[in-house]
Amino acid sequence: MSEAIARFLAMGGYAAYVWPAYGLTLCVLGGLLWWSLASYRRSRRTLERLQGGREP
Amino acid sequence: MNLHRFANPARFMRLSSALLPWCGAGAAALIGIGLYLALFIAPPDYQQGEAVRIMFVHVPAAWMASLVYALMALASAIALIWRHPLADIAALSAAPLGAGFTLLCLVTGSLWGERMWGTWWVWDARLTSVLVLFFLYLGYLALVNAFDEPGRGARAGAILALVGIVNLPIIKFSVDWWNTLHQPASVFRLGGPTIDASMLWPLAIMVLGFMLFFATLLLVRMRTTLIEAKIRVLLLSEIERHAAASPRQAVAS
Amino acid sequence: MSAFRLLVQRDLRLALRQGGDAAMVVGFFVLATILFPFGVGPEPELLARIAAGILWVTALLAALLSLERLFQADWEDGSLEALSLMPLPLEAQVLAKCLAHWLVTGLPLSATAPLLALLLQLDAAGYKVLVASLLLGTPTLSLIGAVGAALSLGARRGGVLLSLLMLPLYIPVLIFGVGAIEASIGGFGVGPHLLLLGALLAGALPLAPLAAAAALRQALE
Amino acid sequence: MPAGRHTMLPAAGFAGIDLACRRGERLVFAGLSFSLAAGGALVLTGPNGSGKSSLLRLMAGLGRPEAGVLSWDGAPVGEDPPAHRARLHFIGHQEAVKPLLSVAENLAFWAGMRGGGDVGQALARFRLAAFAGSPCRLLSAGQRRRLALARLLASPAPLWLLDEPATGLDSDALDDLQAAIAAQREAGGFVVLSTHTELPMAGAATLCLSDFAARPA
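Chains as they are written, first to last, in the working numbering: chain A, 286 to 341; chain B, 10 to 262; chain C, 212 to 432; chain D, 398 to 614.
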């Protein structure tokens, strides 16, 4: 089993290119996701504080 | 009457809060399936071997880079012609996402180039055009944030986006022409001359996943901008309420 | 005298009275070009091979440098606001200012380019086309640059912002400008390159003032 | 937006119906209306930031009103901006004077841009004739202010929009200004100006901007 995983990770010798590519994809997409959600939550909290949490 | 139309766009907020869960779930599902197909199911390319899997992230990113810029230009046109504030906010919110996709496309492209050519950057026509597109994004983001008054940046950015979309095909044409002039030999096909069906499915799913991902983040960022605008209005009116109340007493007494 | 010529005359008079404008632009062009041999070495064949590229890039940067002041001076003393209320449409005024800017920058750059080409050992066949391509290309640089100048009016660090906005848009002019010179040196036909430069100019003439005027109106709102 | 807008516009003169103006997120004023007949004058008063300059800029066509319409002789101004620009002078806070050019050159330029006019007479009426040849960098702020106002006389225009014209003027200059305004009104022109200092003008209507301030949210 572990031999199959090792072969998979080796990516036919191109591991040094495929994994960084996918790693970067997750970083960029993940980063955009986190940044957008964080600023969204922050502004919601400020709004609720200002409005005393009346309307959404 | 007092609040500007976009200060409380109840309709957009309701609509987006209904759409958000679906877009988010859809994006997660599609990207999840796409990654699984791309990494485990799709066969290696007979020429490029396993490295072809980079294509499954590079091509969707390239596609999103130009799609988002086109959407930004469309939103800017709507904002300028009909002065629709939501269009301004859409363009402003889409720009960082588009820049992210373009950066992703560039780096995965250079990874691909490194594997094929042994150098980290290849002045291939398509990659160069994406590099120029990246600078158009940076120019837009710099311009939009270069003004103190928020409205001013959005309006200037809208014009720049339109100027950019007009210039993009011209730049693409001139770069292609310049590329064939200096590098006639190499046919540097990122996706390979033909993509057989087994690779087409993961690619299509990844592209759809990226689009839904973009839609989700766009809605989130637009809601954030609207809420920030509302916060500014609330703070402003509080200042006015204090100003209106206090000085007159001070003067009168 | 028509309002258009009056505006061009005023801008030229201001530029010449300040004296510095044209001289500074050409000065930058000469100095930037002279730097290259120190960087890449004085070997004639190497310099000759990249001469066209050096000349065009430095000319482009020189034109870009002087663009920041295109509207800035009028914006600061209220002239721009008064000009936008004149009967002459803002688009025509942008064209007039671009013409005045080109006469003070594009023309002198094209005139001094052959002298600098000597320093860079440019091939004899390239001189005529060098001047022709610069004369055709620099107006487009002024026109597109006017859009950038109008957009970055009143922005923080407007100068740097202007270059960031404009350099990507200058790439086609640069490619076809240098392409024309290298084609003539290589003995190929120069026609298509100059026609493409002309096409870019023909496109920029109506569209750039439109975009610049819209940007100015946004700035004056 | 009131239905049948055109029918409500006064047939003659310069008028504004239900004007509203926004500055960034803030609505500066709303529901502001005025009407001016030939030879009439309107003085805008109100505290700082109440929108005097904003209203004058809207009247000049610098930017679009958030709501409402401006009309000239019954026709909405927005339909023919060049014609509106041709019929007005707008003197803002800045003097639009080039230090490198001489006084005469500056005024000749502005008159020429509006199709020419009598520069000498305009300079004389603001006591600037003696400085005609000297470059403007030698002028004092008050003299530069007078040069800006001289633009009003250099080329004729029915509508004068003056943003605090009296600032920085000495008593002589104030008299020249008032004489110029009186002459303009006798000739059937319209004058709208904002001011903080006392500027007595016979039969001038006043409009206080704070009466139309938009209620805070």
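If you are wondering where the hints come from, they were derived from the structure by calculation, not from laboratory data. Take the hints with a grain of salt, since some may be wrong.
[Stated by the list, open to error] Pairwise CB distance ranges, derived in the manner of DEER restraints:
#1 D:PRO553 / C:MET235: 38 to 44 Å
#2 A:ALA300 / B:TYR45: 15 to 21 Å
#3 B:GLU249 / D:GLY460: 46 to 52 Å
#4 A:GLY316 / D:SER607: 45 to 51 Å
#5 C:ILE245 / B:LEU190: 56 to 62 Å
#6 B:VAL175 / A:ALA300: 49 to 55 Å
#7 C:PRO253 / B:TYR45: 58 to 64 Å
#8 D:LEU571 / C:ARG367: 52 to 58 Å
[To be verified] Stretch by stretch, here's where chain C covers chain D in the computed footprint (C-beta under 8 Å, at least three residues):
#9 469–483
#10 595–608
[To be verified] Facing chain A, from chain B, some residues (calculated, C-beta under 7 Å):
#11 GLY58
#12 ALA60
#13 ILE63
#14 VAL116
#15 LEU120
#16 ASN154
#17 MET220
#18 ALA224
#19 LEU226
#20 VAL229
#21 ARG230
#22 ILE236
#23 GLU237
#24 ILE240
#25 ARG241
#26 LEU245
Here a beta-carbon is modelled for each residue, glycine too, at the ideal position from N, C-alpha and C.
Hint check:
Range check, PRO553 of chain D to MET235 of chain C: Cβ separation about 41 Å, and the 38 to 44 Å hint holds. As the Cβ distance of ALA300 of chain A to TYR45 of chain B is approximately 18 Å, the hint placing it in 15 to 21 Å holds. With their beta carbons about 22 Å apart, GLU249 of chain B and GLY460 of chain D fall outside the hinted range of 46 to 52 Å. Separation of GLY316 of chain A from SER607 of chain D is about 49 Å and conforms to the stated range, judged on CB atoms against 45 to 51 Å.
Distance hint for ILE245 of chain C and LEU190 of chain B: a CB-CB separation of about 28 Å, inconsistent with the stated range 56 to 62 Å. A hinted range of 49 to 55 Å for the beta carbons of VAL175 of chain B and ALA300 of chain A is inconsistent with their spacing of about 43 Å. Judged by the Cβ atoms, the range 58 to 64 Å given for PRO253 of chain C and TYR45 of chain B holds: they are separated by roughly 60 Å. Between LEU571 of chain D and ARG367 of chain C, the C-beta spacing of about 39 Å breaks the proposed range 52 to 58 Å.
Beta-carbon proximity to chain C at under 8 Å applies to 3 residues in the segment 469–483 of chain D; the threshold of 3 is reached and the given coverage holds. With 0 residues having a beta carbon nearer than 8 Å to a beta carbon of chain C, the segment 595–608 of chain D misses the requirement of three or more and the stated coverage is violated. The interface hint given for GLY58 of chain B is met, as the beta carbon of that residue sits about 5 Å from the closest beta carbon of chain A, less than 7 Å. Against a cut-off of 7 Å between C-beta atoms, the interface hint on ALA60 of chain B holds, since the closest Cβ of chain A lies about 4 Å away.
Given the 7 Å rule on beta carbons, the hint for ILE63 of chain B holds: about 4 Å separates it from the nearest Cβ of chain A. Evaluation of the VAL116 of chain B hint against chain A yields a held restraint, the C-beta minimum of about 6 Å falling below 7 Å. The beta carbon of LEU120 of chain B is positioned within 7 Å of a beta carbon in chain A (closest approach about 5 Å), and the interface hint is therefore held. With a cut of 7 Å, the hint placing ASN154 of chain B at the interface with chain A is violated, because the nearest CB-to-CB distance is about 14 Å.
Given the 7 Å rule on beta carbons, the hint for MET220 of chain B is violated: about 12 Å separates it from the nearest Cβ of chain A. This hint is violated: ALA224 of chain B has a C-beta 12 Å from the nearest C-beta of chain A, more than the 7 Å allowed. Interface restraint check for LEU226 of chain B: the shortest CB-CB distance to chain A comes to about 5 Å, inside 7 Å, so the restraint holds. Interface restraint check: VAL229 of chain B against chain A, minimum CB-CB distance 5 Å, threshold 7 Å, status holds.
Taking 7 Å as the C-beta contact cut-off toward chain A, the hint placing ARG230 of chain B at the interface holds, the least distance being around 5 Å. Because the smallest distance between the Cβ of ILE236 of chain B and any Cβ of chain A comes to about 4 Å, under 7 Å, the interface hint for this residue holds. Satisfaction of the interface hint for GLU237 of chain B is found here, the shortest Cβ-Cβ separation to chain A being roughly 5 Å, below the 7 Å cut-off. A distance limit of 7 Å between C-beta atoms decides the matter here; for ILE240 of chain B the minimum to chain A is near 6 Å, and the interface restraint holds.
This hint is violated: ARG241 of chain B has a C-beta 10 Å from the nearest C-beta of chain A, more than the 7 Å allowed. Below 7 Å, beta-carbon pairs count as interface contacts, and LEU245 of chain B has none with chain A, the closest being about 11 Å; its hint is therefore violated.
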